[in-house]
Every structure is written in C-alpha cells, then in structure tokens.
Amino acid sequence: MLRITGGKVYDPLHGIDGQIRDICIHDGKVVDSVDGGRTIDASGMVVFPGGVDVHTHVAGGSINFARAMTPEDHRRTVAFIRSQTTRSGLGGMAPTTFATGYLYAGMGWTTVNEAAVPILSAKHTHEELRDVPIVDKSCCVLMANNEILLDLLEQGEMERARHLVAWQIWAAKAYGVKAVNPGGVAAWKWGNDAKQMAETVPGYTSLTPAKIVTGLAQIIDELGLPHPIHLHCNNLGAPGNISTTLETMKSLDGRRAHMAHLQYHSYGGDDWSTMRSEAPAMAEYFNQQKNLTCDAGAVLFGDTVTITADGPWQHLLYKLTGRKWGNLDVENETGCGIVPYTYRPSNLVNAVQWAVGLELLLLIDDPWRIFLTTDHPNGACFWRYPEIIQLLMCRDFRQECVTQLSEKARERVHLPDIDREYSRFEIAIITSAGPAKALGMPNKGHLGAGADADVVVYDEDEDIARMFGHPRYVIKGGEIVIEEGDIRATPEGREFLVQPSFDREIEDFLRPLFEETYTMSFENYPVEMHRIERPEISECIDVST
Amino acid sequence: MVLVDIRETKSVKASDIFLQIRPGKDFEVITILRALVKEQPVDESQVQETGLTLEQLQDFVDRMKKAKFGVFFFGMGLSMTRGKHMNSAALLTLAAELNAFTKFVAMPMRGHGNVTGADVIMRWQTGYPFAIQFGRGYPRYNPGEFSTVDLLVRGDVDAALILGADPGATMPQPAIDHLARIPTICLDPKVTHTSRLSRVHITTAATGISAPGTGYRMDEVPLPLRPALKSPYPTDEQVVRRIHEAVLKKPDWLQQGNRMALNQV
Amino acid sequence: MSQVTLRLKQTPDVPLEAENITPDVLSDLPHDEIRALKLQLGKRTFRIDEFFEVEGERSDQVELHGDLKRVKWLGRGMTRGRLVVHGDTGMHLGALMKGGEIDVHGSAGDWVGAEMKGGLIHVRGDAGGQVGAAYRGATVGMKNGTILIDGCAGLETGMRMKKGTIVVGGVVKDFGGLQMKGGNIVMLSGAEIRTGAWMVRGTIISMLPLKLLPTFRYSCDYNPGFLTLFARQLNRLGVSLPVSAAAGVYQLFSGDCSVPGKGEILVWQPH
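Residue numbers (the working numbering), protein chains in the order written: chain V, 1 to 545; chain X, 546 to 810; chain Z, 811 to 1081.
Keep in mind the hints are simulated off the structure, nothing from the lab.
Taking lysine-lysine pairs in the PhoX-like style, the calculated list, with each CA pair at most 20 angstroms apart, reads:
| # | chain 1 | residue 1 | chain 2 | residue 2 |
| --- | --- | --- | --- | --- |
| 1 | X | Lys629 | X | Lys570 |
| 2 | V | Lys319 | X | Lys583 |
| 3 | V | Lys319 | X | Lys610 |
Take the sequences, apply the hints, and build the full model.
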C-alpha cells in the first residue's frame, strides 16, 4: 500500500490539471483510498501518470544488429555496473536490454511499444523483451510486405486475408500491426522501391501501396484491434514526400490509423537542396482527420544510429554518409537497414528535419492525437525526450536553438514564427494519456481508480529538461522502482497481446504455401505462449464507423 | 554458382564456375574485385600471383553486377587464415559496394554449435558479440585482448568455464596447455578433449536431443529446439543457474551504491 | 628534480589495469594518496602500494621499474610530464594520450598510442599490434603525436590514423597503414604484406622494397621536397631518412585503388 500526498497532479483523462490530490495505491492499482502503508510526501512536487512510448525500437533483430555495429559508441556512453539488484549494461545510441529498462524507468516511462517485429524472428524479439526490466511492453508485427498476404490482397481475397492477419498476429504474439513502406520493402528484395501510392508494386500486376494500406486498415478495424494500423508511409525521408503522405491519409477514407513518425513524411521541395518544411500544410490537413493519430518522430542534433525496415531508404543514407551500413532481409516478410548517423544543425536537411518534428508537435492542435517520440533510435535516443519537452514548453529556449541554424535553413522552416508553449497538462497528454488511448490500453496513462499504478513524481525545477530527466520517484505497478536517482527495484514487466479470432482453416491454406516458400517447418513458425513473460491478453473492440 | 577455394572440393560439381586461388590470397582477390567493381585499374602482373587471371576476375565482377540478387557465403577458410577478420571485412565491404549496382548480401557460415545464438544474446545483454570482459562490473569489448584464444595463449586468466565448445580440440597448443594448468570446468554431454583436461567435468543433457532450448540459425532466425528423449542429466541452464546461486551467496566484491560509470576504461 | 618512482614487487598472475599511473594523476598527489590510488586486478580493486614500492610525491616525472608485461593502460590519456619505464609494458601504453612523453626501455604490448592526440611515445624494444590505431568500430585512429618503435611492430600498425607520425625500426607486420586517412608511417626495415591496404590518404615511407597489393600503382621516381623538411624533423628524434638525390630515389606508388584512395607509398631505391 502506498499513498502519495500533497502533490500537484496532472491526470488529463480526468481533467485534473495541477490540483493537489492524493494518489492511493493498492495491489498494483490506483484505488480511492488506502489504510496504512508508506506515505510519500509530494508537497511541492509534480505527479504524472507513467510515460507511454507509442513507437520505439528497443528489441529484436534490427536494434541488435545496430548494437553490433557500434562498439565505438558503447565505449563512450554511460555504463551500468552490476549490483545485487541490477544487471550490467550500456546506454548510448542502441542501449542493451537491461539498460533500456533502467533508462526508460529512470525518466518515468513505464510502458513501451516495440514498433517493428517480423513474425519469423518474433521469438527473438520476445526473448529480448523479457530482458527489458521494469517497463510493460507490447509490440507491432510487420505485415505490409509479407508476400503471402500481398498475394491475397492483390487477388482481392479480403475474407481470407483477414483470417491470415489474425492468425499472424497471434503467431507473432503481437499487440498491433505495423505497415512499413507498403510494397516497398518487398520490392527492395529486387533492389527496387515503391514510391507512388497508385503505382503497381514491382513484381505484382495490380497491387498498389494504396490498396495494401486500405486493405490492412480495413481488416484491422474488422478484427477490432485496440490499436489501429500503425503506419509508416511510403517515401520516408524524401523531399516533397508530403504528397505521398497526404495521399495515404486520403486513401484511408475515414478508417482508423496511427501515422508513425510523421516528421519523416512532411517535407516539401524537389531535391535535397530545395527541401523545406511542410509541417503547416500537414498539420492543417491532419487537424481535420479525426480518424488519425500520429507520433512526432522528432529529431535532435547529435549522434544516433538509424534502423528501419525501410531498406531502400537506408541504402540511400549509406551512400549519402559513406559510413557503415548493415542490411538484413527476413525471407518473404520484411527486411531492415542500419546506418549510424549524426544530425548536424549546420546541415540544411537535418535542420529542416529538426524543425519539422517540433513544428508538427506545435501546430497539430489536439495533443490527444500527436505523441512524443523520436522513433528511437532514428531521430534521437529515447533518453533525450526531456530535451524535447523543454523545447516544447519554453519558447525562448526554442528560439535560442533556432539561432544555430543557417540563414538558409531558417527560410525553409516555420519554427521561428510559432509562439505556442506546451503546458504541463499537455505534456502529460502527449507523453502518457494520449499514447495510452491510441494504443487502446485503458489502464495506462491515467491516475483514476483501477488504473495500473504507474506514477512519476517530479521535483519542481525551473530547468525543464532536468526536471523531466530526473524524477524523484518512479512507481511501477505500485512498486517504487526509482527513488532519488537510484534504482530500488527491477520487477519484470508484463507483455500485452491480442488474440483476434480467426478460422482454423486458414492454416490449411497457409501450410502448403509456407512449406513451399519458407525455410522452417510450419510448426516452428508461431511463437509459443511460454516464451512470453507475464502475458496479458487485451480484448478486441467493436470498431464501427 | 561460383565456387572459390584453394583446392577442388566436393562442391565443385555443384558449381558453374570454380575459381581456384592460391592459399593466403583471399584478401588480395577481394581487394582486386573491389577495385574492378569501381572500374579502377589494377596491376596485372601481380594479379597472377593470386592464381587467377584478370579476365577471370573481370568476368566474375560482370556476373555479379548482372545478378538480380547475389549472396556470398563464406566460412572459416576465409576468417581463420592469414588476414582473419580483415578477410571477412573485405568480403562484407564488397557486398555492400555491389549494392550500388544490384542487390547483394553476405552471410557467414558459422562453426558448429549455436555460435550465432551466443553472439545474438551477448549483443542484446552487453552490446558486444564476443570477447567481452566484465571485470569492472560493466561489459567491455576488445577482440585480441579479451577473446578466449588470446587470453589463454597469453595465460591471462586463472580459471575457465567451458560451455558448448571443445577448445581442447581446436585451439593452439599454448591455449590448451593453459587450460590444463588452471582450474577448468567443462559442461558437456559427452567426453571431449576439453573434458579430459578439465579439473571438473559436469555431464549435462544434450540441448536439442534431451533438453529444450532455442537455436539461432546463421541468418539469426531463432528456432525452437524440442527434446526427443529424456536425460538423467541436468541441462546446461540448470547447472549454470545453480552455480550462479552459489556464487551469489559469497560476499560481493563490488562497491554498493555506485551503479553508473560515467567514464569507462 | 623530484620524481615519483614505482617498482613492481611481483608480476601479477592476471592483467593489472593501471590507468591511474599517469603524470597527470601523480603530479598533484602527496605520497600517501599515491600509495592509496586504485588498480584493477581481475574483478577486484587494489591499492597501488600492494603491487608497487612507491617513492616520491607530487611530480609529473614518473619512473617505473619491473616486468610490467601484464600492466595495462600506463599513461592513458596523459597530457604532460614524462613517464619512463625500465622493463616491458602491457597493452594500451599511452592510449588516448594528448601530450607529454613516454619512454620505454623494453617492449610494449598491443595498442601503443591507440587513438592518441598528441605527445611522444618511444618504445626501444618491439611493439605489439595496432600501434596508433583506432579501437574496434571507431573510424579514426591517432589524430596527432609521434610514436617511435625501435624494434618490430605488429599487425595493423597505424590503422585508420589521421595525422601524426609512426616510425618503426624493425619489420612491420601485415596491414601496416590499414585504412590510413592521413599522417606518416616510416618503415626503416620494410614490412611483411598488405602494407597500405585500403588507405585513403597519408604517406608510408619504406627503406626496403615492399610487397604491395595489386591495387597500388607505380607512379614515378622522385625526391619530394617535403621529405627534406620531414627528414629534418625526424633527425631531431634520432631517426635518419635519406634525402640526397645522389644517394638514391624514392619510387612513388599510389592507391589503394579499391577504395579508391589517394594514399602514397614511397619506397627508397638507393643508386
């Protein structure tokens, strides 16, 4: 039992905006009242629901490839020393699994969604997620380049496709569905890409990226997944790609979707030298589309490593940087590319990217529909979120940062003209309440009775980045895990899954195709339940529009 | 299929073209290929020392560029001969550079056992694939300094726990001598060269035959291992867990409270 | 002149990490605190006086005696002063150093002067591999400074170095100047194979003929002007480089074409 008293509470779901409230915790849940137990005097402190990361890459084949590629970064970063309660590990651009849990919890984030899992290597991802302590986890399975599914979509076999999608979600023990560069990754297997929504995907006769997107979005709504299609649009990172993104949004035609790392999809211009921010146009359109949510995918200047299933983009980035490049192809399902990268304020493209992320966060008017992410580790590492909070909450600081940009860059962006400052209430929405709602996790992101007792207590501090980077207490599932900068406990997190219903006959369809084209036996393909640490199966919902 | 080897092997029959190179010339051949891919000149008189002609190599490059999807498979003939990791690095670089023209990948054919699995797990837990040192309480990496064979050859360790490997059969003599000199504990289902020179040999159940587990294929795809038989012996995991529990009861040598190292050594 | 003298009492069984033994650390400390400085042996920390007899205090003139083959990281990151070693040293001697001088009357292990930025290291015996190199994964090795090895040097000498000078009196093993980006390597007794592999820029000067990769091209014979200047510099360090056109000529090879790079290898050809 635990009571947090006297703190200024920010619980956006219940409209609590800095009022002094007591938070009572019993049995890992927020309750109305408790008798006895420890009391934390939070007078003069700020109380938030635990942070929720809607889109991050912390476990699985691609981030693990990135770890292998960057020993030089591991050496210069913060190291976690083994103790009686903590495992050793390394922070940095691609933190090790144990360190990932400590770093997330250390800044008050208690739920993370691993955004890209191929079914074929899902066992690997879940094994890694088991080794990420403290935080609760979920993951999205990659689908929009799965050749068996693409064939069904091309043939218009929607019914069978729906059963297949449901079967695959359960096979991967996933929570949601991620579509990356629909059609483009499949084309990359042949060194091609799919850049136009209405153009046929190479290797197919009529299938277009638009058909893949709408087909999948439709199926996911029919299945009633708590989290809508998690969409990484085509043409990521390219100048002028706003047209592709808007086309994608239009093709969704009112269906639910979460647009991942929108920053990378909101550029104007014709080439690298004329690239500019189209954040205002994007925000204006997005504001009208109530069916959509998005996350920022913000960029911060500094070193990072970029990893994405978007193979063609990564090869381009390798050619641009001349640095290291890793590429993985995952049989018929997907692939990924890895390139270490440094974002520099002096670089015109990087400057535009930095500004676009912040502009979207500031110009999209409903904080319940845009969430704080950096597409970790692509735009920046997740442990730099407090820096973004400072940029959002403090206009003067932001304007000071704008002065780092070249004159030319400043002409391509709109940040200097934006005065909005986020309130703490709004920060609590974009870091916790909003993403929890978009993920369809009713017990996350708020402090009402029945919520999971994931609570963060901050000391009030004029230095916003310091305040949000160093919480005084972090409580996960009712247990104090961080106290005064020290890791006090490292409980295992849960994993959220969904089990949409499907017809068992789909296996009769799948098995021969699988045995013909895959290199493992069909029985070995699905992830067995015993591999999931503390699974929690979420209910599917009724999505009728 | 193009087969490159220093001698005719059984694989020659399966290949369309066999390129027989002189031993120890792998790095030279690959470096020439890298130059030819970029249409850079090479010294023809020296090319012949590799055992191949410039025409053969140019033809090879042309074929690679024309392929729709190429793959290099390479094994220990490359990574364990003179040049070692640089031979592998050369091939990986060549594969990366060929992607300017077509799709090309390179894949190592790993040694026996679950080498890839060990590599994958060490990476997610420590950031490094092998040659990791925990003396300071956090992982450090330096092949040549912390790799098993080098530590043993220099005699830089005073105890060894061997699991899923038989270094007594494969490592150079000075390394084997040192293993015999120090207290070596070996976990293995059967009697091996290593178990014979170990101070302690704990017989364990064979993973994949009588113990469950996960194996990582060479392309890092995990496969479940299901036991077909029962074993009277404990699994590797059970033994290691029991050793770990016993070690935990000993007084800890790490300072309390100091959990972060801001500057690594 | 005051100095700190450390005498190794006995050779440790496993490597001893001694990054605290640098002039920078010792110059500010009284005798007692020097004795209490930490060393890492395996998983445990020890006091310096458990392994060394300590004399003197507060000096950036440091002298070490004993068989230090297993002692690593001597002079790590030092910026000033002088470290003299009478005996062999272990790995990472003067790694990351920025200034000052190290003089070893004996041989040294791998990674001498790795990723160093300035200063002078003189090893009178042999050195191991990766002299002045980049650590694994890093793109740049030594950025400046001078390393003199009187004996032989191991694999990957000067790997990815960007600036500075390495002079090796004995034979250099394979991959000397691997992926070099700048700076100079002087090989007074030539090298084994694969010298200058994948070099991008920089200069390798050899007094003996080299077995070069097929991706290096002979350009011309010449006696470049800069060599006279460079030879004068080296002369001050006790190294003599022939520059007289009457005595011979340098053959210039350029490469490595596989990168493609603009490195230079100069091979002395006496008349």
